[in-house]
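Undergrad: Given chain A, work out where chains B, C and D should sit, using these hints.
There are 4 protein chains.
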Amino acid sequence: MTTFGESHGPAIGCVLDGVPAGLVIDEAFIQAQMDRRRPGQNAYATARKEPDRVEILSGVFEGRATGTPIAMVIYNTNQKSKDYGNVKDLFRPGHADFTYWQKYGIRDYRGGGRSSARETAARVAAGAVAKLMLGELGIEVRSGIFKIGEIEGQSFDFDHALQSEIFALDPAVEAAQKEAVLQAKEAHDSIGGAALVRVTGLPAGLGEPIYYKLDAVLADAMMGINAVKGVEIGEGVRSAEMLGSENDDEMTKEGFKTHHHGGTLGGISSGDTLEVKVYFKPTPSIFKPLKTLDIHGEEVTCELKGRHDPCVAVRGSVVAEAMAALVVADMVLLNMGRKMDDVARYYEKRS
Amino acid sequence: MTTFGESHGPAIGCVLDGVPAGLVIDEAFIQAQMDRRRPGQNAYATARKEPDRVEILSGVFEGRATGTPIAMVIYNTNQKSKDYGNVKDLFRPGHADFTYWQKYGIRDYRGGGRSSARETAARVAAGAVAKLMLGELGIEVRSGIFKIGEIEGQSFDFDHALQSEIFALDPAVEAAQKEAVLQAKEAHDSIGGAALVRVTGLPAGLGEPIYYKLDAVLADAMMGINAVKGVEIGEGVRSAEMLGSENDDEMTKEGFKTHHHGGTLGGISSGDTLEVKVYFKPTPSIFKPLKTLDIHGEEVTCELKGRHDPCVAVRGSVVAEAMAALVVADMVLLNMGRKMDDVARYYEKRS
Amino acid sequence: MTTFGESHGPAIGCVLDGVPAGLVIDEAFIQAQMDRRRPGQNAYATARKEPDRVEILSGVFEGRATGTPIAMVIYNTNQKSKDYGNVKDLFRPGHADFTYWQKYGIRDYRGGGRSSARETAARVAAGAVAKLMLGELGIEVRSGIFKIGEIEGQSFDFDHALQSEIFALDPAVEAAQKEAVLQAKEAHDSIGGAALVRVTGLPAGLGEPIYYKLDAVLADAMMGINAVKGVEIGEGVRSAEMLGSENDDEMTKEGFKTHHHGGTLGGISSGDTLEVKVYFKPTPSIFKPLKTLDIHGEEVTCELKGRHDPCVAVRGSVVAEAMAALVVADMVLLNMGRKMDDVARYYEKRS
Amino acid sequence: MTTFGESHGPAIGCVLDGVPAGLVIDEAFIQAQMDRRRPGQNAYATARKEPDRVEILSGVFEGRATGTPIAMVIYNTNQKSKDYGNVKDLFRPGHADFTYWQKYGIRDYRGGGRSSARETAARVAAGAVAKLMLGELGIEVRSGIFKIGEIEGQSFDFDHALQSEIFALDPAVEAAQKEAVLQAKEAHDSIGGAALVRVTGLPAGLGEPIYYKLDAVLADAMMGINAVKGVEIGEGVRSAEMLGSENDDEMTKEGFKTHHHGGTLGGISSGDTLEVKVYFKPTPSIFKPLKTLDIHGEEVTCELKGRHDPCVAVRGSVVAEAMAALVVADMVLLNMGRKMDDVARYYEKRS
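Protein chains in written order, with the working numbering: chain A, 1 to 351; chain B, 1 to 351; chain C, 1 to 351; chain D, 1 to 351.
Extracted from the complex, chain A is given alone in its bound form (with noise of 0.2 Å):
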């Protein structure tokens, strides 16, 4: 997957290269996942609003795959640059402002350029194509909010998320997740939160013994993602504590009789549910005063206007979802050709 495109530029997009031919390319599906994450829906999210309307560019014909890099593109219809006039110069903090400048001494103020969440949307996209893929091969991938700030549910309900605002896993505590968010959102501040992405039917074996272990790179995947902080697998942070005797998951005929290990064992799938956790810092954009320096280097306020999510975790679940399907989509891909047997079994056949 290739992706391209800023905040307030004229569109944002992506490539996806290597989808199998054949695949059944669902627009309205992939509509669907768009509508997950796009903004202006509710008092929970930015306000900016964005119809987020896919159009394939190419790679599709006749509704399917045909084998060649399949192009997305969203264009920008509601673009507010004005809104950013007052901090064109300055570093908002907790932002890639400084960063960007840093490193290529040019600032496309307009609501953080291409560090901006919008890219994100092009992820979600390209994870609508993996999903499909997926489906047909009986994997799911689902997603949704565990924690925010300190309020931290105990279940995990996945359908319920799906109809939740703040896609909220645990009924029990929604509530109080929902007041959170709103709490900080009139304090003019944020807050932050945690995802929980949830892989089922997913066979064992997938994963490269080295270069492309399954848990390195969904790692590097969810880190990836705007405002994650931490990623965690299975018992994750929590593993540190334990002795081996609670930590190793005993196998019987039925499968593994605990499930500390998330799913992956040596960076391949074990078959087992695949469970990844992951930390969303507070959105930076508040509405409070802060200090930090312009790019002539003096120190100034941050005072900020325009549209910005209080609560980034809620929007970021759609996307480390989609994060994960792209991976566990292309690990299954890779995977095909690792035994002889199976290359040989698979020619065979074809001559």
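Among the hints, a few may not be true.
Identical copies go unnamed one by one, so any copy, or any two together, can satisfy a pair.
Claimed, not checked - No farther apart than 25 Å at their CA atoms in a straight line, the calculated lysine to any residue pairs in the SDA-like style are these: (1) LYS288 x MET242; (2) LYS253 x ILE295; (3) LYS253 x PRO203; (4) LYS291 x GLU250; (5) LYS49 x ALA28; (6) LYS288 x GLU299; (7) LYS288 x PRO39; (8) LYS49 x GLU186; (9) LYS291 x THR252; (10) LYS257 x GLY201; (11) LYS257 x GLU298; (12) LYS305 x THR252; (13) LYS305 x GLU246; (14) LYS88 x GLU298; (15) LYS288 x THR252.
I should point out that these hints are in silico values taken from the structure, not numbers from a laboratory.
TA: Frame of chain A, contents of chains B, C and D only:
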């Protein structure tokens, strides 16, 4: 970097491409790094004794890198394959035996084969070369253990860690951490732990905006180390609990006032100290009986003998440090062509 | 560079990553390059008329590259799919219809789909950006036709080629070459041809020693252009007939005395002029009946209608020039971190 | 494949990743392939004697590939660095000495260092593993010399080539070709030559449509071999002289009527025999005085001593064969996930 080799094969090694020509390759330094990870040195690590002598096969001439691939090989001298006879046909719980079997349908039963932590020795050798290069640029990569089981240090003294048998960062809890390791060992069990990697002197601007973000690639490198289940940058998991007003790091002429971001913003280094935390599960190899399956699908009991680390995090911290050095070195080289002015100036000077 | 798009889909385009920030993106120059390749301009090329208007979707702000991916899209406006109705189910000889069918089992029968030469328009757009960058470094990439059928020019006048309707390098044979194209066209046939790409101002030292040799990557780029069947560097095929004493280029303080090596030695640029020759087969689409198979395996006769280039080499030379520019631009950027002294100097200056 | 090693360093070698698990690794076969390229066997090659004994360091267990990286190393035993004392500071014409110096500013003057043809021994070892894999699929890769100087064979007898001291394909011209090599040798000169690589049994559909075309990657692999200056597929250079009606290969139920395309159409294999021609310049090392520069920029005379191949094409043909095997093996594995039906069938069977 390409690595190769198995726990009980003839040798392990690595090939490093892209090392800048002229870099002084200090073999004694490389060997010293190897010695930090080397097993068999004290009661807190596996009793397997390996001299881990690095032999450079190519890419170095008269003590300097020539610019061509540097191959390093470490011969295995102490393979006790007979130790593994009794687990030849069964899947050790928590190990990659099962997943490799599922993937490849072939079993190198000798000590975990490729998935053994022994492969990480080659990464330490490669990391040592990266550290030599970074050292010439004033970039320092250090590591240590801040947590073993539930005992977590509060201060981070990297000089102390260098001298500590368990690379403990906090002298105040070192004794308790050692005790926890020995207790687990005596109980024929193992224990988890966590390492902190800190990079100082890093210039701002390292990391690519989308496909090679500094934080994402670090997460990949860390999660790809054996037994790692969680990775954090800066506040990490805790950032999900914070408000934006707490988490945003204000900037002054003296630099960042706080350090929640951990050195990257938008996937690009900020010039502030880089901090990565890496969480290791307890070594899966314990000497208590565990239920498992064999390769015929039958339920059996796994009773391990052999030599294993009671706390894999300890030596793992050296590997994490090496991997961080490799990632940062890559980013340093990648970054050089990112401004047209720099490109123009570079080629002007040459002509 | 990533390209996408089909002959008869909605659009073609490309995404260019790694363009140095600050490069002035002259859209008029890009469009001028597109116009050189554009069909429908004279009797020597296909009558298909496409405005080939390039739209930049990202990566450029206020006329300069921002360092993030540059996406460019070219909408197809003149797709006559009905032209292809009569070949919908059969494999046109010499085309990729058969191989794509074998690979993907799906058919985008509209004008060759992805394998159409139309995709190369996106490469010209990308190459134009590369040329802008190289231009700032004093590196010039030029091309022209030296051979059509058996008529081969002896002199290489690149300024003349720019004005020539068939990009002929040698005015002395231009009329004969034109005549050969028209004869083939009138006979409902097509004819082969060959282009010379010349790069001047190239610094010595570009190209990596093993996996990214300058000559190897050029060969890849050229052989990957539609209809190319042969690639030469310097003396090329003829070097096999030479003695070492003829072929070796002696060096003096004024430079190389002869130029047999064509600008690369050991895969690395020598600083001498780089010369690559690219040989195109005749367009496979001819308007004479040919025996072939259909997708059911039956023998049928292929009788093409539609619009095609009588000599694909002519417009192919512009594509070859663009590909050479892309390869050289990559090498220019890759090369910057190859000496430790340069790396150290670069980072010293920044701190 | 990753290779490493220099002409006069301790060892050369390679690491091969992605070899399917279970492949029988026949070490005697690998050694036999090495022996074909090995120097010092007759009057037509360099007198340097190397046993070229391959040692497998990893990735093989009980005679089969385990799926993890296979490292192979070949120790250099016969380095006569003193041979090179007199050229320590000057750039041998036609060699990479000058370009490496320009790139790296450091000189490994021992026999060409990394750019020596000796590195190609590691490619032959890697290619032998690829040939083992292809052999199980009924795909055969063969090579031989069809041209030396101006003496070109007309028939291609690959069995004869195997027995010939110069791998000659045409017995009718073999004696004349041998004579040409000896004449060059006696005149202290060298001579060019050309090899044909033929792949039979290749399934249709190999090669990716844009970035990994079969013909493009073959061109890359071939042009990357030391001393190669030209590459052709099928009719190659001559296709530029042809009419479409001559060049188009008609299809019948029995297959292609003619074979101008050489086995690829649109970058994808057609199932027809694949034919690649590779043109080698004469070895630049000759024993006649040549004008050149030294590292101080002074004009000097280069008078070589040492041991060199009078016709590098001869042993180069074995390298070309190995590289073709590696490329085809990659394509075979890459191709397996290209149809959704195949992907679905593969994973159904496993679950």
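Undergrad: Hint by hint, say whether it matches the structure.
TA: Each hint, compared with the structure:
Taking the shortest alpha-carbon separations for LYS288 and MET242, only the inter-copy value of 15 Å comes in at or below 25 Å, while the best intra-copy value is 41 Å. Taking the closest pair of Cα atoms, LYS253 and ILE295 come within 25 Å of each other only across two copies (12 Å); inside a single copy the shortest separation is 63 Å, beyond that limit. Taking the shortest Cα distances, LYS253 and PRO203 sit within 25 Å of each other inside one copy (16 Å), while across copies they are farther apart (41 Å). Taking the shortest Cα distances, LYS291 and GLU250 sit within 25 Å of each other only across copies (5 Å), while inside one copy they are farther apart (53 Å).
In this assembly of identical chains, the alpha carbons of LYS49 and ALA28 lie at most 25 Å apart only when taken from the same copy (20 Å versus 34 Å across copies). Taking the shortest Cα distances, LYS288 and GLU299 sit within 25 Å of each other inside one copy (16 Å), while across copies they are farther apart (61 Å). Taking identical chains as interchangeable, the C-alpha atoms of LYS288 and PRO39 lie at most 25 Å apart only when both belong to the same chain, with a minimum of 22 Å there against 53 Å between chains. Within a single copy, LYS49 and GLU186 get their C-alpha atoms as close as 20 Å, which meets the 25 Å cut-off; across copies the closest is 58 Å, which misses it.
In this assembly of identical chains, the alpha carbons of LYS291 and THR252 lie at most 25 Å apart only when taken from different copies (7 Å versus 58 Å within one copy). In the homo-oligomer, the alpha carbons of LYS257 and GLY201 lie at most 25 Å apart inside one protomer (17 Å), although the nearest pairing across protomers, at 47 Å, exceeds that limit. Taking the closest pair of Cα atoms, LYS257 and GLU298 come within 25 Å of each other only across two copies (15 Å); inside a single copy the shortest separation is 60 Å, beyond that limit. Taking identical chains as interchangeable, the C-alpha atoms of LYS305 and THR252 lie at most 25 Å apart only when they sit on different chains, with a minimum of 22 Å there against 58 Å within one chain.
In this assembly of identical chains, the alpha carbons of LYS305 and GLU246 lie at most 25 Å apart only when taken from different copies (19 Å versus 50 Å within one copy). When the C-alpha separation of LYS88 and GLU298 is checked against a cutoff of 25 Å, the pair qualifies only within one copy, where the shortest distance is 14 Å, while the shortest distance between copies is 56 Å. In the homo-oligomer, the alpha carbons of LYS288 and THR252 lie at most 25 Å apart only across protomers (17 Å), although the nearest pairing inside one protomer, at 56 Å, exceeds that limit.
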